[in-house]
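Below, each chain spelled out in residue letters.
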Amino acid sequence: VTVRAHVLVVDDEEGVRDFLRELLDMLGYDATCTATAAAGLVAARQREPDAILLDLSMPGTLTGADALTSLARYAPVIIVTASVDLELGRRLLREGAFDYVNKPFDIERLTMVLAAAVEHGRAR
Amino acid sequence: VTAARAIDALIVAAVPADADWMVTALRRAAFTPRWRRVATEPEFVDRLTSDLDVILADSRLPSFGAGRALEILKTRDLDIPFIVVSGPIDEEIAVSYLEQGAVECLGKDRLGRLGPAVARALAQRRLREALRTAEAALHESEKRYRLIAENVSDGIFLIDAEGCLVFGNRSLEEIAGFTMAESLGRPIFSLLTRDAAVAAMARLARAQAGESVPRAFETEIVRKDGSTVWVEAHITSVMKDGRMTGRLGVVRDISGRKRAEEALRQSEKLAAISSLAAGVAHELNNPLTIITGRTELLHRQLKDDPLGLQVEKLAQAATRCTRIVRNFLALARPHPPERQPTSLNGIVRDVLELLAYPLRVDNVDVTFDLAPDLPTLWADPHQLHQVAVNLITNAHQAMRDAPLPRRLTLASRSEGGRGWVVLEVADTGPGIILSAEGHHVETAEHGAVALEKLRGGHYDLIMSDVRMPELDGPGLYRELQRRHPRLCRRIVFLTGDVLGPCRTELVGTTAPTLSKPFALGEIRRVIETVLHPEPPAPAREGEPHQ
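Quick note, the sequences are listed as chains A and B, same order. Quick note, in our numbering, the first sequence goes up one by one and the last residue is 124. Quick note, in our numbering, the second sequence goes up one by one and the last residue is 546.
Treat each hint with caution, since some may be false.
As the list claims (entries may be wrong) - With a Cα cut of at most 20 angstroms, we get these calculated SDA-like pairs of lysine to any residue:
| # | chain 1 | residue 1 | chain 2 | residue 2 |
| --- | --- | --- | --- | --- |
| 1 | B | K303 | A | M26 |
| 2 | B | K224 | B | R203 |
| 3 | B | K143 | B | L131 |
| 4 | B | K303 | A | D106 |
| 5 | B | K313 | A | D106 |
| 6 | B | K303 | A | E22 |
| 7 | B | K303 | A | A38 |
| 8 | B | K224 | B | R194 |
| 9 | B | K258 | B | D195 |
Keep in mind the hints are simulated off the structure, nothing from the lab. Note that the structure is predicted; figures quoted are calculated from it, not measured.
Just chain B, same shape as in the assembly:
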């Protein structure tokens, strides 16, 4: 063996001859020792440095021996193999040296074994060093990964083969709204919306079966507060011995992008619809010119003729068509968004002028309660105009089939404290319809008020808007689940989002929905389904009629 065997040895021995024996033994074992002998504690302490490869100590020193030397070595953070070389000693004492940390205890008569003992000790030390280095490297890399995991804005998680959460970083907590303490061990699917969970389970099953599944997809998380957030997920399988042992995922919050996309889709759709409709309306103007013009001429000619009355009706209808087309074109014309000083009351009056005729035709009385001291708004008058038209048109349509009186109240007021200007559009809508049908109806302006009322009374049916301040429709539903589970099957949602996604899906209800505007027949049908969900059982004889 010709390995580099130069070693630094510290020899603790009372007399030089003892040291010489040991050095000779080392040389015989092909070591080239650089060595120094110490005989006292101060000398030993002085020479005890980290570049030593081995300490060889005679056990029998008068003042300072192997035992004390071991004690001192132990107090230092040094990994130096310590070999005791002794005369004939008790096995017990030898064992005690080993217990104190000596790697070997040799008899002086067996110095031939010193070389191999040192070689073994050095090999073990190298192994320990390698382990320490590896541990330190592992610790470093773990620290690095932890640093990355905890500081990226993407959520990172690990699930086991069953899909249960094993690890999640801080960003995942933020995105999902759950702390890890709450969600560790939970199936990852329980964090998703129902549709998303079904898709995720299918994906996991395919991954477990060894099929390849798309690594990137979009999915929807339900946060602790019940709100949902769209994320883009990248998931890879963690494999061990050819088996999938888990899945590693990275999720990124894309709800902002989703909202923007949805808004864009909506506005593109609306733009397409309005330009198409504007084209149609425009085309209608030519034939309408002929119809209105000719009926007017006819009317003049038939003034005293009984047929004149019929022509007058024609003229009225034609005029109404003209107004509809004109109002429509005024709305459909796209305006680039532009803010300017705007009077809310002025807009309300303008819109009402535009819609006065159809409202009058349906016998809707309009009451104004406009605050005179309203501050001027810095807003886009065309958009506000559209908002007002939509609100009033919705109210109008809600009342169309309602019994008289049909009243539309338009109230504006300033909430100076909050810097708001408020426009309220109130109609005598479905409440009145239901009253007319013989039901007892109470109204609440939002979910929180509804809950108050529910606490104090008995109700058979709840009709709830989806979007409301304070507590919205889905929020109300969740509260019902908690407080009045019986009423969960007695709720009907009213929604105005014909084009948008229906929010009731998000709370996972199968509650029926009515799209505004709704016809009387539709309301009757839905009430019937909700109040009498089962097909009527055959009447039994002898049972009293209610």
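This is chain A alone, in the form it adopts within the complex:
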């Protein structure tokens, strides 16, 4: 029996979290979902993920961009955002994000990027 890979979802939109939880389950992943970047950091420490889906604009003192470097120490981080700020996207990729996916996303594309991130995380 293969161990299901663990994906951490950090997104403040409940509907998006619910959808991602169901999608990830269908795709064969274990999912942990948090609504803030701070909670995401706590969750990552408790159970190390194989990949992280990180939203950028979130309420609270810590934005997704702020938490990127810390979260990236645990697993490859895929930015999943409604923002179309390409400059910010480029900057985050330079700062260590694994990939960048715009909302609303194509399920095929997210599936591929996620698989690549998990593989990358396990290899390192």
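Let chain A serve as the given structure and place chain B on it in line with the hints.
Just chain B now, with coordinates in the frame of chain A:
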């Protein structure tokens, strides 16, 4: 009287005794004369200088007398009072001396009157001098004001109490495009746009009534060529005896500033709208993520279920929403203006990729006719991108309600001679709609072509764009007024400026306008109003139906 009465006198007399008599008479009248006697013409000419105060001449000299002396004086540009002192002479001769310019003709026996005569002559001369000085000063100041008036870049004008132009300087001619010969005597209001004229008349009426009116205001002049120019005017009343006799105005061309302000307002408005819309679009992305994601999952699960078809439709709609939001965000994102080597054809293809879906949904066929050898442009690709999106979107919307086929043609070409690259966006728009409604339609690419066509045929209705090359909408309207006044009531303007001022107002027409994009119903309604402006008269019996 103790006024300084030192005078320089030249005395023309044959014998010293005659001169002595005269000097004595002057002294008696409290003058202190410095004097010299001359007896011959050369002596007289020699002594005739501008510092003389008076010339006293004996009328009876053997060789040289008062008459000749007066003649010589007249040839000089000198204002020296000339008094003839004579023995008993004909009144006629005395009169002739006066006619020649002598100020007085005295008998030797009445030398007691010499002093007062000289005093009078000197007083008159002082008065003449004062007048000359005043005239010269006036002339100088007039010259100075004329110099100022003709050389300032501001237009300066004077109107009378009725508001008619009395004076205008060269700059006013330049600003208004009229020469003074054409506009003097015309009411100043006839140089203004209708709104501006109404405001100006009201202002003049208030000024005439003695009310205080704002001295500075902005107004709009109609130039001779029909174009308009915004000016800032400063006007003050010219008062005489407590009554307003006219108004003095200074106008400055501020159309450049107006254009800049308008552009700024527009761009601020657009920036505000796009940032607001971008925020909304951005917010839409989260719920759209849920909608598209869940419909896609549902669709996968219901593949062989009849409900799957419905879910597929949902998915399509959700995908379309996603595209719209994404296209919109791509447009709304502000880019700092930046020129770079840009391929026009590349931009057209990019834009079409962006808009392909909505065009396909509305069954619009797109035909490309892009010249392969187009030179690379040094331009801002984002702005060109926006221009292309706007053109194609306008064309698309114009065709939305049109019957099939709906064709969009995108053609680019290089006009090397003029250094231009041209992009043409053509649609089968309202022309097709009207054809489908059973009308016979002909098209013209601008006003000049339209005029050609009007000359050769009968038309019931003209639909005209406002902005066109060669001859624009207002220009076409003016030509219609001149050549086909009947058609002035049969024109409908199509305008794309939803945010900007409507240019048709400038030509003072009440012609209806259709804002692009327009719906079929709207076109029908406007055509109906134009072709049948009166409420239908009750049908009379016995009249044949058309």
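Now for the hints, and whether the structure bears them out:
1. B:K303 <-> A:M26: With Cα atoms ~16 angstroms apart, K303 (chain B) and M26 (chain A) stay inside 20 angstroms; holds.
2. B:K224 <-> B:R203: violated, 24 angstroms
3. B:K143 <-> B:L131: holds, 18 angstroms
4. B:K303 <-> A:D106: Holds, at roughly 18 angstroms.
5. B:K313 <-> A:D106: Holds: K313 (chain B) and D106 (chain A) sit about 17 angstroms apart, inside 20 angstroms.
6. B:K303 <-> A:E22: holds, 18 angstroms
7. B:K303 <-> A:A38: Given pair K303 (chain B), A38 (chain A) is violated - Cα atoms ~40 angstroms apart, limit 20 angstroms.
8. B:K224 <-> B:R194: Holds, because 15 angstroms separates the two Cα atoms, which is no more than 20 angstroms.
9. B:K258 <-> B:D195: holds, 17 angstroms
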